[in-house]
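S.K.: Now for the letters of each chain:
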Amino acid sequence: MNSFVAIYRLVLKHQLTRARIILVGIATAVAAFVGFLFRNDFDATGSLVTFISVAGLGLIIPVISLLLGSGAMGDWYNDETLVYVWLRPVRRSIVAAAAIAAAITVAIPANLIPMVAAVIASQQTSAALWGTVLATVMVTLAYTAAFGLLGILVRKPLPFGLIYIFVWEFFISRGAPGAARLSINSYGASILSRATDVALDFAGRAEWATTAVPLGVTVIAVLLAGVRLQRMDVA
Amino acid sequence: MTDLPTSPPTMPGAPHPQPAPQTAAVPPPPPSGGTVIAQGVTKAFGSLVAVSEVSFAIGPGVTALLGPNGAGKSTLLRMLCGLSVPTTGSLTVAGGNPRTNAESRRQIGLVPQQDGIFERDSVRSFVELAATLSAVPDPVHATDVALAAVELDGPLDRPLGSFSKGMRQRAKIAAALVHDPSVLFLDEPLNGLDPKQRRSMISLFHNLGETGKTVVVSSHVLDEVERFGSNVLVIARGRLAAQGDFRAIRALMNDQPLRFRVVCEETRKVAAALVGGGLATGISIHGGTIELTTADAPLFRAQLARVCQHYNARLYELTPLDEDLESVFRYLVG
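Those protein sequences? They're chains P and G, same order as listed.
When we follow my numbering, the leftmost residue of the first sequence carries the number 51, and every step to the right adds one.
When we follow my numbering, the leftmost residue of the second sequence carries the number 3, and every step to the right adds one.
Just chain P, same shape as in the assembly:
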């Protein structure tokens, strides 16, 4: 077993807690119930896509990604167990990549299950399903990696992350078209809008950018996390 796999497995084990599984279960039940209510809507697809865009991509997905991403290395940082990994002769970029990969491994199903449940419960087209899946995956990648970096930048990543999600992603970027370019969830909303032909104010990103930007954010966050691990003081 190499270092990457060892760290990946370690983080994976610590990410899967009962409380998180319950949280995903609750999110799934709520999303499925809302999707069910859309079933007989006059514009069921529009209602569903708006729900996925606002409540899913704008709220549920970033919050779940924050919980999982910031804990990947942030838990080590906060409970002072980082020393057990840091002191070993392993490249920092491998530590960061393995930890964030593990968080993403948990975050993708944790975010996909409620979103897919909403789509299935609303009995919408396969285009809505695949649009939701792709948007969720892309947004989850970027958020989880970015919050993974946040976890080792600050001691209390959750308040910082929540402020970012509510203030920037949820309000400012939705109110100002220019700011939307700097909002991760606008790229997911663009994927969803394009797949379903439902117009969303917030979703004007170019097709190439809807996958390239989230992937770019993911890679940059992993690289910066490696640099941060190299330079930080470890308790």
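I should point out that these hints are in silico values taken from the structure, not numbers from a laboratory.
Note that CB positions come from ideal geometry on N, CA and C, so glycine has one too.
A hint or two may mislead.
Claimed, not checked - Restraint-style ranges between C-beta atoms, simulated for each label pair:
1. P:Ile-213 / G:Asn-193: 33 to 43 Å
2. P:Val-55 / G:Asn-209: 50 to 60 Å
3. P:Glu-257 / G:Gly-42: 51 to 61 Å
4. G:Glu-105 / P:Pro-227: 30 to 40 Å
5. G:Lys-198 / P:Val-55: 54 to 64 Å
6. G:Ala-150 / P:Arg-70: 30 to 40 Å
Chain P is already provided as a structure; the job is to place chain G on it using the hints.
M.R.: Leaving out everything else, chain G in the frame of chain P:
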């Protein structure tokens, strides 16, 4: 054991009424020749200086890093492991800077002071993880060896969070040993261990020192350090207060006035006799208790019983008030 001069003990920077072993006018030569070398190391957190101008060299064998809580021991150990960067000065461990040199870090085993541990990991997987990350060729075998060294057996597949502090402490020691490092930094490693386990771990540290490893054990408990029975580095208020053989440093302490509490009958007569005989100064009497200062502790101890016997006064208690570590440091750093 060590290739470094250990005698006489040195007390750099310690205000001392006796002629100081090192004179302030002549700066000490830069330390050299050890597996662990610190040269002018200072660590400041804003305006707080945690470690100040510390220089030393340590060779193979056991060295105790002694100091009261908050003295700067853990900060110094963290810098020695590369976990933290000195504000000024340089550190060399196993031939390299542990902060930047992975090979140097490969030679380091650390038992950190903090309780934090991967609670959901089992003992076995915690130690095996350390072996894997250190690229040990056979992590499973190395784990078995390390667990045996710290005498950990039983339900090793249970989560660490369910174990006692002593078990977790031994798991941390096993993880520090698993890759057979040449330098071991152990920060308060006996915390949480019962007396039998303490004896066993002290013996293990001695054995490691005797096999040529450099073992640095930090502690704030004087008795514990005495049982390590070897060189000490004394840190107080972030400064290196003394270095050398522990017993020699304690001998220097005996030159200092020591305080005692005596509980006996006829306190006034006994007190007057002690002062009259030049055995005590600064006496105070509270009911049946005398608190006094003596410049010659051995003579005072020898004469006290005779004085009491002379006045037919029963002696109930003789307690040194200055033999705790804080008092030793008070003498060392003023």
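S.K.: Each hint should be assessed against the structure and marked as holding or not.
M.R.: Do the hints match the structure? See the list:
{"no.": "1", "hint": "P:Ile-213 / G:Asn-193: 33 to 43 Å", "result": "holds, 38 Å"}
{"no.": "2", "hint": "P:Val-55 / G:Asn-209: 50 to 60 Å", "result": "violated, 34 Å"}
{"no.": "3", "hint": "P:Glu-257 / G:Gly-42: 51 to 61 Å", "result": "holds, 59 Å"}
{"no.": "4", "hint": "G:Glu-105 / P:Pro-227: 30 to 40 Å", "result": "violated, 53 Å"}
{"no.": "5", "hint": "G:Lys-198 / P:Val-55: 54 to 64 Å", "result": "violated, 38 Å"}
{"no.": "6", "hint": "G:Ala-150 / P:Arg-70: 30 to 40 Å", "result": "holds, 37 Å"}
Violated hints, in rising order: 2, 4, 5; the structure is consistent with all others.
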